[in-house]
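Trainee: These are the residues of each chain, in order.
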Amino acid sequence: QKEVEQNSGPLSVPEGAIASLNCTYSDRGSQSFFWYRQYSGKSPELIMFIYSNGDKEDGRFTAQLNKASQYVSLLIRDSQPSDSATYLCAVNLNSGNTPLVFGKGTRLSVIA
Amino acid sequence: NAGVTQTPKFQVLKTGQSMTLQCAQDMNHNSMYWYRQDPGMGLRLIYYSASEGTTDKGEVPNGYNVSRLNKREFSLRLESAAPSQTSVYFCASSDGQHQPQHFGDGTRLSIL
Numbered sequence: 001q002k003e004v005e006q007n008s009g010p011l012s013v014p015e016g017a018i019a020s021l022n023c024t025y026s027d028r029g030s031q032s033f034f035w036y037r038q039y040s041g042k043s044p045e046l047i048m049f050i051y052s053n054g055d056k057e058d059g060r061f062t063a064q065l066n067k068a069s070q071y072v073s074l075l076i077r078d079s080q081p082s083d084s085a086t087y088l089c090a091v092n093l094n095s096g097n098t099p100l101v102f103g104k105g106t107r108l109s110v111i112a
Numbered sequence: 001n002a003g004v005t006q007t008p009k010f011q012v013l014k015t016g017q018s019m020t021l022q023c024a025q026d027m028n029h030n031s032m033y034w035y036r037q038d039p040g041m042g043l044r045l046i047y048y049s050a051s052e053g054t055t056d057k058g059e060v061p062n063g064y065n066v067s068r069l070n071k072r073e074f075s076l077r078l079e080s081a082a083p084s085q086t087s088v089y090f091c092a093s094s095d096g097q098h099q100p101q102h103f104g105d106g107t108r109l110s111i112l
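In the order they appear, the protein sequences are chains B and V.
For the first sequence, the numbering used here assigns the number 1 to the initial residue and increments by one for each residue that follows.
For the second sequence, the numbering used here assigns the number 1 to the initial residue and increments by one for each residue that follows.
Read the hints as simulated data drawn from the structure, not as lab findings.
Heads up, a few of these hints could be off.
Example chain B residues on the side facing chain V (calculated, C-beta under 7 Å, incomplete) [stated by the list, open to error]: (1) Asn7; (2) Pro10; (3) Phe102; (4) Lys104.
In silico DSBU-like cross-links for lysine-lysine, where the CA-CA straight-line distance does not exceed 30 Å [claimed, not checked]: (5) B:Lys104 with V:Lys9; (6) B:Lys42 with V:Lys14; (7) V:Lys57 with V:Lys71; (8) B:Lys67 with V:Lys57; (9) B:Lys104 with V:Lys57; (10) V:Lys9 with V:Lys57; (11) V:Lys57 with B:Lys42; (12) B:Lys67 with B:Lys104; (13) V:Lys9 with B:Lys67.
For each residue, glycine too, the CB sits at the ideal point set by N, CA and C.
With the hints as constraints, model all of the structure from the sequences given.
Mentor: The structure is reproduced here in structure tokens:
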């Protein structure tokens, strides 16, 4: 079964700490990986995407992809209360022309 | 700089009424999607259109129909609304199935 799994949380971290969000996926042939942030009552907003094994950095955000272990992570450095949101992992499974599969999201709470 | 525009933003219906949710994108994207989001369930794909002239069922298509009117517009119709269809509906678009999706602001639909 094609799945994208995330811990629902809440994940609580103190302000200034590193938040680590994880996502595992079932299809070993998956090619494209995306992280979205969703504030309560708002729509999902794309924050990172990664296609190749390794790390990709953008400001305080780092996406890490390990295809052999079938996981993708999002690290948020110097976490701020404004980072408190639900983070959705999305994977494009390499099984043809099919849409992204979204995880159910991890709720992050950054405590001031 | 509109991106993906959904109308209406809020709607209350009575059981059995019909309703069409409208979605338009100005990014010249080929693919468009309709999702519903319920507490604890994550984003669930209702229907998608990989390109103009094509539509396909997603995970939860029952009770819905769609029309890809042209490259810009993708509508979702509830023919006979049921309380189980109370949800937040998001439209999204992307340049292709392996590309990031961009979301509209959502329609909050309540069916009494």
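Trainee: Would you mind marking each hint as holding or not holding in the structure?
Mentor: Consistency of the hints with the structure:
Hint on Asn7 of chain B is violated. Least Cβ distance to chain V is approximately 13 Å, over the 7 Å limit. Interface hint status for Pro10 of chain B: violated, as the beta-carbon distance to the closest one in chain V is roughly 13 Å, over 7 Å. Taking 7 Å as the C-beta cut-off, the interface hint given for Phe102 of chain B holds, the closest approach to chain V being about 4 Å. Contact between Lys104 of chain B and chain V, as hinted, is supported at the beta carbon level, the nearest pair being about 4 Å apart and thus within 7 Å.
Between the alpha carbons of Lys104 of chain B and Lys9 of chain V the distance comes to roughly 23 Å, so the proposed pair stays at or under 30 Å and holds. This hinted pair checks out: Lys42 of chain B and Lys14 of chain V have alpha carbons roughly 25 Å apart, not beyond 30 Å. A threshold of 30 Å between alpha carbons decides the hint, and for Lys57 of chain V with Lys71 of chain V the separation of about 18 Å falls inside it, so the pair holds. Straight-line distance between C-alpha atoms of Lys67 of chain B and Lys57 of chain V comes to about 29 Å, which keeps the hinted pair within the 30 Å bound.
For a cut-off of 30 Å, the pair hint linking Lys104 of chain B to Lys57 of chain V stands: about 20 Å separates their Cα positions. As the CA atoms of Lys9 of chain V and Lys57 of chain V are separated by approximately 24 Å, the hinted pair is consistent with the 30 Å bound. For the proposed pair Lys57 of chain V and Lys42 of chain B, the alpha carbon gap of about 25 Å is at most 30 Å, so the pair holds. Distance hint between Lys67 of chain B and Lys104 of chain B is fulfilled; the C-alpha atoms sit about 20 Å from each other, no more than 30 Å.
For the proposed pair Lys9 of chain V and Lys67 of chain B, the alpha carbon gap of about 39 Å is over 30 Å, so the pair is violated.
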